[in-house]
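S.K.: Protein chains in written order, with the working numbering: chain H, 1 to 314; chain R, 1 to 361.
Calculated directly from the structure, the hints in this document are not laboratory data.
Incorrect hints may have been included.
Dumping the calculated DSS-like pairs for lysine-lysine here, alpha-carbon to alpha-carbon at most 27 Å [as the list claims (entries may be wrong)]: (1) R:K358 - H:K95; (2) R:K350 - R:K231; (3) R:K6 - R:K353; (4) R:K6 - R:K350; (5) R:K354 - H:K248; (6) H:K312 - R:K10; (7) H:K95 - R:K6; (8) R:K234 - H:K169; (9) R:K216 - H:K93; (10) R:K222 - H:K95; (11) R:K234 - R:K222; (12) R:K231 - R:K216; (13) H:K169 - R:K135; (14) R:K135 - R:K6; (15) H:K93 - H:K248; (16) R:K345 - H:K95; (17) R:K350 - H:K95; (18) R:K192 - H:K93; (19) R:K51 - R:K137; (20) R:K10 - R:K354.
For each label pair, taking beta carbons as the anchor points, the in silico distance ranges come out as [what the hints assert, rightly or not]: (21) R:I15 - H:A185: 55 to 63 Å; (22) H:G121 - R:R189: 35 to 43 Å; (23) H:W172 - R:L8: 36 to 44 Å; (24) H:A220 - R:K49: 56 to 64 Å.
Under 10 Å between C-beta atoms, here's a sample of chain H residues computed to sit facing chain R [said to hold, decoys possible]: (25) F34; (26) E64; (27) L68; (28) F69; (29) L72; (30) L76; (31) F92; (32) G173; (33) D225; (34) V236; (35) M280; (36) L290; (37) F308.
Cβ atoms here follow ideal geometry from the backbone N, Cα and C, with glycine treated the same way.
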Amino acid sequence: MDFVFNILALGIPFSVALLLASLGEMFNQRSGIFNLGCEGIMAMGAFIGILVPYAAGHGGPTPEIFNLFGILAGALVGALLGLVFGLVVITFKAKQGIAGIGMQLFCVGTAGTLFRHFVGGTQSVPGIGNLDIPILSEIPILGSILFSHNILVYIAFLFVPISAYILFKTPWGLRVRAVGTYPRAADSLGINVNRVRFQALAVGGALAGLAGAYLSLCQAKMFSDEMIAGRGFIAVALVYFGHWSPVKIMWGALLFSLAQSFQLAIQGQGINFPYEFAVMLPYVLVILTLAFSRDKKKQAPAALGIPFDREKRI
Amino acid sequence: MNRQFKILYKTSIIILAILATLLIGSVILITIDAEIFRTYLVILTEPLKTKIQFTEVLIRAIPLSIIALGITVAYRAGIINIGAEGQMAIGILTSTAAALAFYNVPRPFNIIIIVLAGALGGGIWGFIPGILKAKLKVSELLSTVMLNYIAAQVYTFFLRGPMIDPAELTLGSGTPQSMRLEKSVWLERLIKGTRLHTGIFIVILLAILIYVLLWKTSFGYKLRAAGASSKAAKYGGIKVAFFITISMVISGAFAGIAGGVEVIGVHHRAIEGITGGYGFSGLVVALFGGLHPAGILPASFFFGLLLVGADMTQRIVGVPANMVQVLEGIIILVIVSAQQVMNDKYLMDKIWKKINTKEAN
């Protein structure tokens with residue numbers, strides 16, 4: 001019983017970073033941009049998220065409000081980096097796959113370089129504590145699985161219906177889907193394709209930055225070079241897995257985080273199973289789901305990965 | 001549009017690209033209060049000052065160039081292999097196992113067996129994303145990255161478990177590393193007092209091999225056709241799926257060879273951290289070298305210089321070694337942007353017309 005409880009109780013907070021980053025990546029891809037730099041943007045978000053409260057407190061205790069500033073700064077830097085990626089793939093029309101790798105190296109390297117200069121060695125921060133929702137958190141078992149997390153967990157899950165609403169019910173969401181499906185038609189209706197794509201990249205970057213800040217401020221409560229550990233890439237894979245729709249992406253994020261917490265629970269139980277094979281479980285799962293989720297080509301935004309140039313004939 | 005204008009257009013873009021790289025790098029350096037000019041000078045010249053440092057540059061260039069050659073094969077077939085890191089790790093395991101088993105085979109043959117074992121391990125690890133891409137249309141960008149993380153775990157599993165040095169167990173220190181290899185399988189040192197080894201000849205051999213394979217055989221022609229335009233190639237009767245798979249196998253095999261050469265040339269045992277970043281750096285080398293052996297060899301020297309130089313900036317000017325990753329990232333972004341702008345005929349035409357109307361007035 002405890003075993004299952006541990007898996008479930010850890011699975012939800014673990015899913016948050018994946019959920020936020022893949023919702024962001026969903027906006028990118030819906031507008032036609034494949035952003036593999038997600039991993040790097042998360043690293044920058046994680047670094048900035050921790051830098052703000054650290055710098056504000058000069059190493060000492062910091063008022064809670066600076067944690068909030070850290071999170072916001074992480075999202076802001078993420079949005080800026082999304083725009084930088086836009087400059088490369090929209091303005092210069094560079095190939096998106098390889099440009100994403102460049103973005104990832106650039107961001108991870110920058111985060112590591114700046115971290116060593118401004119913070120130095122491993123520094124843990126108090127971070128953001130849990131917020132028990134009154135009454136609900138007192139429900140036995142279910143209460144501590146669902147209603148005893150830090151504030152960002154609730155916000156992240158709120159983002160699921162919010163992004164579904166934005167994507168499917170607002171004019172901007174329609175524009176995003178239009179420029180990702182048939183940019184030439186959108187263009188003929190007076191939509192500025194590239195501007196919408198830049199906007200989607202900013203939104204996607206902000207969510208990736210937020211995901212990073214969550215990892216450093218809420219989950220690890222510290223920063224290290226390898227802390228993202230491929231979550232950015234898994235987030236990209238989740239978008240395929242979730243067929244570009246927020247709710248399915250949420251289920252995917254939960255599935256993968258449960259795999260991760262299952263892995264930790266196995267180690268905690270002292271079950272005689274090589275630790276390394278437990279750690280690789282989520283990564284194996286990504287490859288398997290990519291290989292065996294059917295019809296993935298059919299539902300992809302039609303213009304995914306193709307730069308738009310209104311002056312060019314097809 | 002005349003020829004002179006085209007050349008002028010392309011050179012000015014290259015110059016702009018170099019300036020952009022240095023400028024963006026400088027922004028990061030300013031943020032960490034480093035002296036910009038001095039940092040670049042240290043990275044680019046300091047490693048060339050002593051014999052030891054110079055050979056260290058070459059030692060780094062050896063795996064870089066082998067990996068980059070492999071990545072070129074995949075890239076030319078239309079696949080971006082970012083899994084060289086994992087393929088190298090598996091190659092290290094298989095070649096170390098071969099080196100432990102076949103150390104008493106007469107000299108040139110044991111080296112050949114070890115190198116082929118590395119190729120086999122890396123090749124298998126490259127085959128997985130290759131066949132997934134060819135048969136199930138799985139994005140190689142995602143599968144290779146995932147296989148990197150999986151390979152890292154497989155690597156530590158073997159070094160902690162089945163392949164651990166028995167001495168580590170009796171001493172109880174438990175450092176994850178294999179047994180030290182017998183002297184009979186070490187590559188000779190080229191210069192006394194340095195670590196420079198004869199692996200450098202393997203590099204030259206492999207570079208020639210790739211050049212012949214890609215540009216002088218019908219196999220290479222078909223492979224490049226599959227990458228340049230897969231639909232046209234399919235129409236022309238080329239089995240695109242086969243070339244996607246085989247190019248990934250070759251790409252992985254080269255990364256595996258790089259691992260094997262690194263083990264018998266430098267470390268003489270499998271230890272943790274041998275692969276350290278070579279996978280992504282190899283990709284940058286391949287792009288920077290124009291995806292051609294003749295460009296990759298000098299490019300690998302240049303990036304070997306960056307890697308050694310970046311280690312030295314930490315000590316001399318207080319710039320963290322992570323700076324080299326920043327530069328690699330910028331270089332990729334700038335190269336892929338510049339390539340696109342350089343070949344944009346519309347833009348070229350626009351600028352040409354603008355200049356001409358100005359002259360007419």
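S.K.: Look at each hint and say if it fits the structure.
M.R.: For each hint, the structure was consulted:
1. Restraint check for K358 (chain R) and K95 (chain H): the C-alpha separation of about 34 Å exceeds 27 Å, so the hint is violated.
2. The hinted pair formed by K350 (chain R) and K231 (chain R) fails the criterion: a straight-line CA distance of about 31 Å is larger than 27 Å.
3. Straight-line distance between C-alpha atoms of K6 (chain R) and K353 (chain R) comes to about 13 Å, which keeps the hinted pair within the 27 Å bound.
4. Of the pairs offered as hints, the one joining K6 (chain R) and K350 (chain R) holds, with about 12 Å between alpha carbons and a cut-off of 27 Å not exceeded.
5. The hinted pair formed by K354 (chain R) and K248 (chain H) fails the criterion: a straight-line CA distance of about 51 Å is larger than 27 Å.
6. Distance hint between K312 (chain H) and K10 (chain R) is fulfilled; the C-alpha atoms sit about 21 Å from each other, no more than 27 Å.
7. Under the criterion of a C-alpha separation no larger than 27 Å, the hint pairing K95 (chain H) with K6 (chain R) is consistent with the structure, at around 23 Å.
8. For the suggested pair K234 (chain R) and K169 (chain H), the alpha carbons sit about 42 Å apart, so the restraint of at most 27 Å is broken.
9. Pair hint K216 (chain R) plus K93 (chain H) does not hold up; C-alpha atoms about 32 Å apart against a cutoff of 27 Å.
10. Between K222 (chain R) and K95 (chain H), the direct Cα distance comes to roughly 23 Å. Compliance with the 27 Å bound is thereby established for this hinted pair.
11. Between K234 (chain R) and K222 (chain R), the direct Cα distance comes to roughly 10 Å. Compliance with the 27 Å bound is thereby established for this hinted pair.
12. Between K231 (chain R) and K216 (chain R) the CA atoms are separated by roughly 23 Å; this keeps the pair inside 27 Å, and the hint holds.
13. With a C-alpha separation of about 37 Å, the suggested pairing of K169 (chain H) with K135 (chain R) is violated against the 27 Å cut-off.
14. A hinted pair counts as satisfied when its Cα atoms are at most 27 Å apart, and K135 (chain R) with K6 (chain R) does not qualify at roughly 42 Å.
15. For the given pair, K93 (chain H) sits about 31 Å from K248 (chain H) by alpha-carbon distance, which is inconsistent with the 27 Å threshold.
16. Between the alpha carbons of K345 (chain R) and K95 (chain H) the distance comes to roughly 17 Å, so the proposed pair stays at or under 27 Å and holds.
17. The straight-line distance between the Cα atoms of K350 (chain R) and K95 (chain H) is roughly 22 Å, inside the 27 Å bound, and the hint therefore holds.
18. Of the supplied pair hints, the one linking K192 (chain R) and K93 (chain H) is violated, its CA atoms being roughly 50 Å apart against a limit of 27 Å.
19. Distance check on the hinted pair: K51 (chain R) and K137 (chain R) sit about 49 Å apart at the alpha-carbon level, beyond 27 Å; violated.
20. A distance of roughly 17 Å separates the Cα atoms of K10 (chain R) and K354 (chain R); the hinted pair therefore holds under the 27 Å criterion.
21. Under the hint 55 to 63 Å, the C-beta atoms of I15 (chain R) and A185 (chain H), about 39 Å apart, miss the expected range.
22. Checking the proposed 35 to 43 Å range against G121 (chain H) and R189 (chain R) shows it holds: the Cβ atoms sit about 37 Å from each other.
23. Under the hint 36 to 44 Å, the C-beta atoms of W172 (chain H) and L8 (chain R), about 43 Å apart, fit the expected range.
24. Take A220 (chain H) and K49 (chain R): their Cβ atoms lie about 41 Å apart, and the range 56 to 64 Å is violated.
25. The criterion of a C-beta within 10 Å of any C-beta in chain R is met by F34 (chain H), whose closest approach is roughly 9 Å, and the hint holds.
26. Hint status for E64 (chain H): violated, given a least beta-carbon distance of 28 Å to chain R, over 10 Å.
27. The beta carbon of L68 (chain H) is not positioned within 10 Å of any beta carbon in chain R (closest approach about 24 Å), and the interface hint is therefore violated.
28. Because the beta carbon of F69 (chain H) sits about 19 Å from the nearest beta carbon in chain R, more than 10 Å, this interface hint is broken.
29. Look at L72 (chain H): its Cβ only gets to about 20 Å from chain R, farther than 10 Å, so that hint breaks.
30. Taking 10 Å as the C-beta contact cut-off toward chain R, the hint placing L76 (chain H) at the interface is violated, the least distance being around 16 Å.
31. With a least beta-carbon distance of about 4 Å to chain R, the hint placing F92 (chain H) at the interface is held under the 10 Å criterion.
32. Checking G173 (chain H) against chain R: minimum C-beta separation of about 25 Å lies over 10 Å; hint violated.
33. Contact between D225 (chain H) and chain R, as hinted, is supported at the beta carbon level, the nearest pair being about 7 Å apart and thus within 10 Å.
34. For V236 (chain H), the interface hint holds, since its Cβ comes within 10 Å of a Cβ in chain R; the closest pair sits about 6 Å apart.
35. Below 10 Å, beta-carbon pairs count as interface contacts, and M280 (chain H) has one with chain R at about 4 Å; its hint therefore holds.
36. A distance limit of 10 Å between C-beta atoms decides the matter here; for L290 (chain H) the minimum to chain R is near 5 Å, and the interface restraint holds.
37. At about 13 Å, the closest approach between the beta carbon of F308 (chain H) and any beta carbon in chain R exceeds 10 Å, and the interface hint on this residue is violated.
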